[in-house]
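Number of protein chains: 4
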Amino acid sequence: MKPEPYRLQRASYPLSVIVPTRFRDLDTLGHLNNVALGSFYEEGRAHLNRAAFPKEMRHESGLRMLIADVHIAYLAEAHYPGDIEVAAGVLRIGRSSYVIALALFQNSACVGACETVLVVTDENGAVEIPPAQRAALEGLKLKAKH
Amino acid sequence: MKPEPYRLQRASYPLSVIVPTRFRDLDTLGHLNNVALGSFYEEGRAHLNRAAFPKEMRHESGLRMLIADVHIAYLAEAHYPGDIEVAAGVLRIGRSSYVIALALFQNSACVGACETVLVVTDENGAVEIPPAQRAALEGLKLKAKH
Amino acid sequence: MKPEPYRLQRASYPLSVIVPTRFRDLDTLGHLNNVALGSFYEEGRAHLNRAAFPKEMRHESGLRMLIADVHIAYLAEAHYPGDIEVAAGVLRIGRSSYVIALALFQNSACVGACETVLVVTDENGAVEIPPAQRAALEGLKLKAKH
Amino acid sequence: MKPEPYRLQRASYPLSVIVPTRFRDLDTLGHLNNVALGSFYEEGRAHLNRAAFPKEMRHESGLRMLIADVHIAYLAEAHYPGDIEVAAGVLRIGRSSYVIALALFQNSACVGACETVLVVTDENGAVEIPPAQRAALEGLKLKAKH
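Protein chains in written order, with the numbering used here: chain A, 2 to 147; chain B, 2 to 147; chain C, 2 to 147; chain D, 2 to 147.
Just so you know, these hints were derived from the structure itself, not from any lab. Careful, some of the hints might be misleading.
Any copy, or any two copies together, can satisfy a pair, since identical chains are not distinguished.
[Claimed, not checked] With a Cα cut of at most 30 Å, we get these calculated DSS-like pairs of lysine-lysine:
1. K144 x K56
2. K3 x K142
3. K144 x K3
4. K142 x K56
Make the full structure from the sequences, and use the hints.
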């Protein structure tokens with residue numbers, strides 16, 4: 002994955018959450034482990050999904066957002082101790098799926114970028130994204146120009 | 002990522018390793034967590050790299066294989082308790098990088114597939130893959146037809 | 002915790018489960034991380050609880066086994082790659098709680114021991130351990146002499 | 002472990018660090034997993050050790066602090082999302098070992114307490130704690146009365 006330059010800039014993303022690194026994120030090479038970095042992207046996705054789909058809406062609708070695809074670019078080594086800012090925004094919205102773009106920033110440098118495809122499902126499988134959720138996702142789109 | 006059908010078949014891969022699931026791999030939805038599944042692919046990569054690059058070769062050469070890109074397709078829910086078979090093979094070999102293809106099998110079903118780009122580096126950055134390592138990687142290629 | 006010598010012997014335990022180490026269990030010091038080792042003990046507990054309390058019994062009774070206390074002695078460094086054998090047995094049984102003793106073996110050496118207090122609860126709190134479960138736990142007691 | 006009441010009070014501890022919970026800390030029961038909670042205590046220990054033993058001191062002396070024993074009391078369920086405050090202080094100091102006391106606070110409630118024995122070692126094994134380090138540890142003692 003070669004993300005376009007605007008996706009490596011913090012200002013392109015409507016949301017972000019600060020996630021301090023933990024000693025347990027390190028691996029034997031002394032930098033943040035590739036798999037552990039997945040957990041930072043997960044926090045960004047959860048943050049965006051909580052913003053777009055309030056708990057009541059999810060409980061009422063019985064909808065679940067399942068991950069279908071995760072693509073991560075490792076751009077620089079990330080270090081402990083210290084915080085990582087996980088930036089998140091919506092890249093594309095389809096009929097029953099949407100794509101979240103994420104980027105990790107440490108000391109102002111972009112150390113990684115991720116793209117995740119999520120499918121909205123009920124107990125029978127994929128369903129069309131309801132209008133209210135679609136509007137919420139539209140409001141969290143990435144800003145390509147700024 | 003939409004992996005070609007042969008990549009969802011165990012027989013296409015030259016290597017595999019059995020990784021039992023752990024309770025800690027579960028998440029609150031009751032199936033194996035997306036990030037935790039990353040750890041299974043990591044075991045497959047480590048297994049292939051140990052086969053291709055014996056410890057002595059790595060120590061002598063001072064080379065490191067750094068992950069540049071990971072792309073995962075989630076194909077079915079995976080469960081605990083039970084084993085996952087992680088199948089691994091080489092998809093492509095470039096000048097200084099190579100691509101490992103991986104797939105997870107549980108109860109004979111392919112529950113996920115992954116593609117990882119690794120770059121061979123020394124302390125100054127990317128280097129050409131040495132001939133012996135290139136030959137080892139060639140010997141571990143995926144079998145598209147079988 | 003200074004476990005009695007018989008608790009460092011594999012033969013003292015009625016049950017065991019093999020858990021291969023994972024690269025992700027390592028920390029920056031190059032050996033298995035203290036917190037990650039907790040996951041091995043968790044597998045031993047889950048194994049024992051599945052043996053003592055079959056799924057149907059748990060569903061029917063609505064009982065949950067909650068962890069109240071975990072005490073771990075780190076006896077030697079543990080390494081990757083390689084398997085760890087997690088041995089498990091019941092140390093003591095109280096009115097509503099019981100104690101599981103565990104030990105980790107790698108290459109025949111005991112690398113750690115653990116003692117966990119679990120409390121049997123329903124939705125209102127601690128309850129007396131039902132007779133069938135008590136009998137099952139009695140059958141999984143550690144053997145002090147052998 | 003039944004920690005004395007003062008150990009469940011935030012004000013007894015000289016140091017603390019805020020660690021946000023992560024989705025990955027949850028388990029299938031919907032609360033923070035027992036093993037994952039170990040990672041919070043690890044952050045508290047690392048925080049205290051960085052305060053007591055500056056990096057230069059550790060590099061110069063070649064000393065390592067190895068964990069010999071961890072004892073955790075689980076006092077209440079902890080939840081996601083939300084922060085956990087990990088409080089840390091020194092409980093006892095021996096010739097070559099010291100004991101760190103820790104407690105976890107979420108929404109002002111103490112949800113867990115931990116006691117960790119660490120041994121100061123060089124490449125030949127346990128060594129006497131150097132005077133400067135001993136003084137630093139003395140300065141980080143828990144306050145039993147306040």
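So, going through the hints one by one against the coordinates:
no., hint, result
1, K144 x K56, "within (26 Å within a copy, 42 Å between copies)"
2, K3 x K142, "both (19 Å within a copy, 25 Å between copies)"
3, K144 x K3, "both (18 Å within a copy, 28 Å between copies)"
4, K142 x K56, "within (21 Å within a copy, 43 Å between copies)"
Violation of the numbered hints given earlier is absent; every hint is satisfied by the structure.
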